[in-house]
Amino acid sequence: MSVTAFLTDSTLCIGCKACEVACKEWNQIPGDGFEWTGRSYDNTGSLGHSTWRHVKFVENGAIPGFGGNSPAAFSWEFSSDVCKHCENAGCLEACPTGAIVRTEFGGVFIQSDVCNGCAYCVVSCPFGVVERNPEDGRAFKCTFCYDRQKVGLQPACATACPTQSIQFGKLDDLREKAQDRMTELKDQGFEDVHLYDPQDSSVGGIHAFFIVRGDPRTYNLPPQPDVPTIYQRKAWTSAAAAAGLVFGTMLLAFLTRKES
Amino acid sequence: MSDPTPHFTPLDTSSDPREIRLQEIRRQAESATRIPLPAVESPDGSRVPASPETGYYGMPLLKRPAWTVEIPLYFFAGGAAGAAAIMASVAQLSGADPRLIRDARYIAAIGGAVSPALLIADLGMPSRFLNMLRVFKVQSPMSVGSWTLVAFSSTAAGAAFFSLLNQRTKMFSPIRVLESASQFLSAITGAVLSTYTGVLIGATAIPVWNQNASLLPIHFGISGMGAATSLLELRGHNTLALNAIGITGAVGETLIGASIELRKNPALKPLKSGRSGWLIRLGGLLSGPLPLLLRLLALGGNQKRNGRLRKVAAVSTVAGSLVTRFAWIQAGGASAKDPAIPLQLPEAGQILRRGV
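Chain order of the listed sequences is A and B. So the first sequence is numbered by the numbering used here: it starts at 1 and just counts up by one. So the second sequence is numbered by the numbering used here: it starts at 1001 and just counts up by one.
Just to be clear, a hint being listed does not mean it is correct.
[Stated by the list, open to error] Computed list of lysine-lysine pairs in BS3-like fashion (alpha-carbon distance at most 27 Å, straight line): (1) K1337/B / K1272/B; (2) K234/A / K1264/B; (3) K1311/B / K234/A; (4) K234/A / K1337/B; (5) K170/A / K150/A; (6) K150/A / K177/A; (7) K234/A / K1137/B; (8) K170/A / K24/A; (9) K170/A / K186/A.
FYI, nobody ran anything at the bench for these hints, they're computed from the structure. In this text the structure is predicted, and so the values were computed from the model without any measurement.
Start from the sequences and build out the full structure, keeping to the hints where you can.
Following this line, the structure appears as structure tokens:
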């Protein structure tokens, strides 16, 4: 089995939300209602327990006097967000039950029949992807369509995407493809394209990378995501010091204040 | 002819086919569905744009901790119980009053019984609590903590039970061996229980927690020690040893409070402003400077007044320990709402501050 990945190319996205719909239908996730967030035409806001694909709408208002190809002209960027399936996954490391596992396709998968809803993965995800369903009690996120991949199908979102904005394939192939696409876009004059794939961070690379126009932070993509396990050495050292301090204080107090 | 102002008559375009076509398109567009809402307007009317300075419309990047009141209560109960178990061992080792040892064991046992109940109640699926014991993962503080809690609860209950049994039989027996063994084990696991909660929240993606990864375990350890000492004082023990421990704890809490106030890290904003900021300060005041002052006053003067002062200090310390745990969880929620730290935004801590 080879490691698979998503390449989400926002320069091809038309904001149709077919990925959101396909994901919901295939995985039978509850609906989010037809509420608008008021943030452009985004109606799910962020990834969550019932939103495993989320189309972001980055809308920049028109400035009178700028039009045509001016970078200050009215622009509308769409980008379909998804679980990053980190190389060093915070949720997977944090899970105390072993419910969160790495699949043979390199994806990060929550086994719902094992999860007991401790919610520790929720605070361990540097991308804010995992969420506990308050009604169900368990944590949910994108499964990377593990069931479909098992039988050789590509994930539902990639299948439904009408513009090939969501591409699915082998990790190494897609990384190469992403580089080619970047060169192509730059040749076409898109100077502001970025490939979001933080391989230099403690997360160690992701299995769902993105091509976006403009600063990735505009899309709530953190420049330096960290897997929370990096804080553990500090924290356990402090815990050992604290235990020593408590023992020492008590011992000293009881030995020197024996008289009363 | 008489009007000197230059003017020109607009071109008559009513018969130009291109203009007619434009009017047609306009009518067509007008009859089609209109956009019902101004596109970029957040529900609170704040109109934060999507930009490299504000992130995605200032919306949170991280998820808020899903934990409710059970978790801070558990941090408090587990912290006090763990420290009480250490206290029982140390007191016995140094030949202190047997009643003090007994009461410390009871506090440990009660805390050891309440803690798992609280932890289970907070689970999304309480019936699956035992899944915690499916695996042991060193890299998961939640896993280490669950195993520690199980070991602590059983050994603390064992120590209390065997000491009760021993009191009844009043003779040397294997019971004494069991009593000492469970006592020792509960002290060791108690040391982990009262400090690991700092690791648990310190090693997360929440900025205000992970920026205090070194501080939290010491903070929570000292807080647990203060609470255990104070609970024993409230049970009527007022030895100088307990007051000395109380003074050390209060000094520690005062220093921790001062270090939080003095550090300039923008990730610490939730500890200094908003509701969580005031809770942190209240918890710090109740566990640090206030009991410290009362305990120092209780060193001189007459016995009766000293006893009263120490009782007040004890109540303050217990309340402070409880408030501190709630404050840190609250601060985590406020921190998760602010995308400025994880996105490294230039105006870190500015966005959504009103909501914090």
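Which of the listed hints are broken here? Failing hint: just 3.
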